[in-house]
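A.B. asks: These are the residues of each chain, in order.
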Amino acid sequence: MLSVLTRRLLNVVPTLLSVIALVFLLFSVLPGSFMSSMGEDGRTTIDPAVMERMKKEMGLDDPLPTRFAKYVASVAVGDFGKSFRTREPVTKLIGQRIWPSLKLVFAAMAFAIAIGVTLGFFAALKPGSPVDTISMVGAISGLSLSQFWFGLMLMYLFALKLKWLPSFGYGDGGLSHLILPAVALGVGPMALLARTTRAAVLDVLNADFVRTARSKGMSERLVVKWHVLRNALVLVITIVGLQFGSLMGQAVVVEKLFAWPGVGSLMVDSVFQRDIPAVQGCILMIVLFFLAINTLVDIAYSVIDPRIRYR
Amino acid sequence: MKLPLKLPRLKGGTSLWVGGALVGLAITVAIAAPLIAHTDPVLDANLMNAEIPPDAEYWFGTDAQGRDIYSRIVYGSRISLTVGVVSQILNSLIGVTLGLTAGYWGGWWDDVVSGLTNLMLAIPSLVFALAIMAILGPGLVSLLVALGLTAWSYSCRVARAQVLSLKSQGYIQAARILGYGDLRIMFTQVLPNVLGPLIVIATLGMGSAILSEAALSFLGLGIRPPFPSWGSMLSEARDQITTAPWLSVFPGLAIFLTVLGLNLLGDGLRDILDPQSKTRRS
Amino acid sequence: MTQPLLKVEDLRIALAGDGVTHNAVENVSFEIGRGEAFGLVGESGCGKSISALAVMGLLKRPLSVASGRIVLDGREIQDASPAEWRNLRGSKIGMIFQEPMTALNPLSPVGRQIAEMFVLHEGAGWTEAMDRAEEALRQVHVPSPERRIKDFPHQLSGGMRQRVMIAIALACGPDLLIADEPTTALDVTVQAEIIDLMRELCAAKGTAILMISHDLGLVANMCRRVAVMYAGRIVESRPADAIFATPSHPYTQGLVDSLPRLGERSRRGRQKLREITGVVPAISSYPSGCRFNPRCPAATEVCREVAPGISPLPDDGLVRCHHHG
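Residue numbers (our numbering), protein chains in the order written: chain A, 3 to 313; chain B, 651 to 932; chain C, -10 to 314.
These are calculated hints, taken from the structure and not from any lab test. Please note: incorrect hints may appear among the correct ones.
[As the list claims (entries may be wrong)] Pairs of lysine-lysine, DSS-like flavour, derived with a Cα cap of 30 angstroms:
(1) C:Lys139 x A:Lys227
(2) C:Lys49 x A:Lys227
(3) C:Lys81 x C:Lys139
(4) C:Lys81 x A:Lys227
(5) A:Lys72 x A:Lys94
(6) A:Lys84 x A:Lys128
(7) C:Lys49 x C:Lys81
(8) C:Lys(-4) x C:Lys49
(9) A:Lys84 x A:Lys72
(10) A:Lys105 x A:Lys84
(11) C:Lys49 x A:Lys128
(12) C:Lys(-4) x C:Lys81
Could you build all of it, start to finish, from the sequences and the hints given here?
C.D. replies: Okay, structure coming up:
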């Protein structure tokens, strides 16, 4: 168990380093750097003297490798730099946003798992039945929806017409504000989970060991309970992990639509404000979340599947 | 003894045809846009006609500037399909090149490519595209770059796996003994074997690219108004959702039906071209 | 004559295709007495495995029993309800499959997979069932069963896994053990051990065996009677020793000639192994007349047109060939 964790963490380090390098390079080497764009956008004009002072302060005059080394060193100790706009540490900005983000992501995933896995499971038990057909048509439709349009429609129906739920904002952080954005964000993963769960359960139902179970004189209910569920879970959990991990990034649009104060909307706002350190910080946060979830999934794997535990 | 337990899939057929019809419709509309649109999508603004609900003359209603939504949606299909097709060509080229060479040469290059693939997986593609759009600025070309560079990991993995499988079966060594060059082997022996799965991946990827374009345009980072991208139309429509909900309904439906068509077509094609694969999307 | 344990009469198994239905198996009849070992031999695709699955009631769409009778212990079971089948499976009939690698649930300890039998059929609690599973493992000669019951299938070798399968199949003392290619996936040395084990346990408990294999030598060595199947029909059914001495059907002759046998050289002189030319036809394209006729060295006009009936042989055997009887 411990070895799985260590090995997994060692795998994460190079990915993390390359993401840091990429994020750094994207915003340092490519055209449209902060300083030039700041003058360009027309809204702000900066006194050249002030500009010089800022450049020096932020170390923008150093050669690239030096800046990169400094950046990695500071990120390693949890310092994502200072926001260009608010002059506050980026970690502080993200810190204010991370809790709403996590709440949204977990709520969306809970919704996706509860509905998607259930639908896929029952669809697989009766392939070709009305339940199956309706679930799968629903699933492929769910995959084809654009989140923000679906969100917009939900908002129109449940907030503006029926007035059951608030239309946007974080409110006091209660459930009523959470429901619409969570459903809008969760519908894609839900559809995908319905499809993968169905495929996984069907796959397992055709496995040789299920035939063995039937040859023991087991009822279908027990076959499913004792032999199908766990094996299907192993297949489903990968998709859950990948979806879950990328959900904080996917939330960008939904957060913006519902004015949800998460990391995603911080990133979009920072992009418009050319607040490069904040954008970099948000990307790193989103990647960290992905890697953390996937590490957790790997651990969950080794708990469920003995073949991995002993390998 | 293997039993023929797999039922012939009826659904593959249905989804292939329904998907093909929807995609065919989208392509026809895009090509015939000047013929079937009622008005110019950008220039024909008339404040006298602002916010008319759908009726016999304005099928999908008009927006705040009095532009005909139907005509704008018709022209919007050009942007969506261009983004979808071009970005998937880019993604396939990158993915196949990296995958083929990584699987073929192996060694440090393989490590580099798999590192890159892990990197691409770790950054959600929408976030990556957002970052690129932030640097390049809004516009069609930036969109094509942003979406064309960020979703090649599937085709890369498929191409690499195919090379490795052919390698293990000895085909590649045999070709080498016959004196074939590396490039010739890759293009004549390996590439034809990945075309099927690749077409499936590209079809499904087109759907995701169209959704991403809509999302980026909605955020104001993709196609900027007044050009009629479905996403930017939704972005404008959002503020008028209470007074003019039709502004939001129709562009969204256009996105939904086009992407649904691509997804159904991709599913149907997979049953034909890539039967052994399971759900490969994630 | 005493009542046989299992009697299969004129079994026909249908394969439903797109609009067309083919007969995957037809006119299959055989009997197995109590404690008797019976072998069903044929190439893959000849219908021997699905015949066995029919006896277990485990055929799945698009396969189904179309007609014929399966009588177990005097009871017709071909139309039994799912609940009746569940009572038969495991307690009256046990089954071992070809792939010990995939026939066991990879995520469940082997002890539990054996213990399930006692919970299902004898109403045992899990603690008691686990104790009995340990005992069952001991009976199939798995070393240190007290540790092995906690092992997962991937921790066992192929032979050990097949022993576990035998322990499962025989756990509740069934009257009939169906073994579908039980040793095909195993190393040759392990094969012999598994065969010996099956023979020993079944002899001790009086369990009859329906042995299914492509290996005529193996089956003849283990079984008293052997039936040879070709393309969905039984072509010859004989006592095992007779089938080697005087194979009557040209297909059986082909099978016997293709077997390498020790001591044979000296008796018959130096001889090359012979093969049967041609390939097994697909279910959808069975030839008319005798199904073996395209590959048969002795085929004549009648073989191509008329399906041969069954003719008795002097030694209590049956053959389906125009050139006999």
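A.B. asks: Compare the structure with each hint and give your call.
C.D. replies: Outcome of the hint check:
Pair hint lysine 139 (chain C) plus lysine 227 (chain A) holds up; C-alpha atoms about 20 angstroms apart against a cutoff of 30 angstroms. Only pairs whose Cα atoms come within 30 angstroms are accepted, and lysine 49 (chain C) paired with lysine 227 (chain A) is accepted, the gap being roughly 20 angstroms. This hinted pair checks out: lysine 81 (chain C) and lysine 139 (chain C) have alpha carbons roughly 27 angstroms apart, not beyond 30 angstroms. Restraint check for lysine 81 (chain C) and lysine 227 (chain A): satisfied, since their Cα atoms lie roughly 24 angstroms apart, inside the 30 angstroms limit.
Our distance criterion of 30 angstroms between C-alpha atoms is met by lysine 72 (chain A) and lysine 94 (chain A), whose separation comes to about 20 angstroms. Under the criterion of a C-alpha separation no larger than 30 angstroms, the hint pairing lysine 84 (chain A) with lysine 128 (chain A) is inconsistent with the structure, at around 56 angstroms. A hinted pair counts as satisfied when its Cα atoms are at most 30 angstroms apart, and lysine 49 (chain C) with lysine 81 (chain C) qualifies at roughly 21 angstroms. Distance check on the hinted pair: lysine -4 (chain C) and lysine 49 (chain C) sit about 22 angstroms apart at the alpha-carbon level, within 30 angstroms; holds.
Annotation: proposed proximity of lysine 84 (chain A) to lysine 72 (chain A) holds, straight-line Cα distance about 14 angstroms (limit 30 angstroms). A hinted pair counts as satisfied when its Cα atoms are at most 30 angstroms apart, and lysine 105 (chain A) with lysine 84 (chain A) qualifies at roughly 26 angstroms. With a C-alpha separation of about 14 angstroms, the suggested pairing of lysine 49 (chain C) with lysine 128 (chain A) holds against the 30 angstroms cut-off. Distance restraint check for lysine -4 (chain C) and lysine 81 (chain C): the Cα-Cα separation of roughly 14 angstroms lies within the 30 angstroms cut-off, and the hinted pair is therefore satisfied.
Going through the hint list in order, the structure does not satisfy hint 6, though it satisfies all others.
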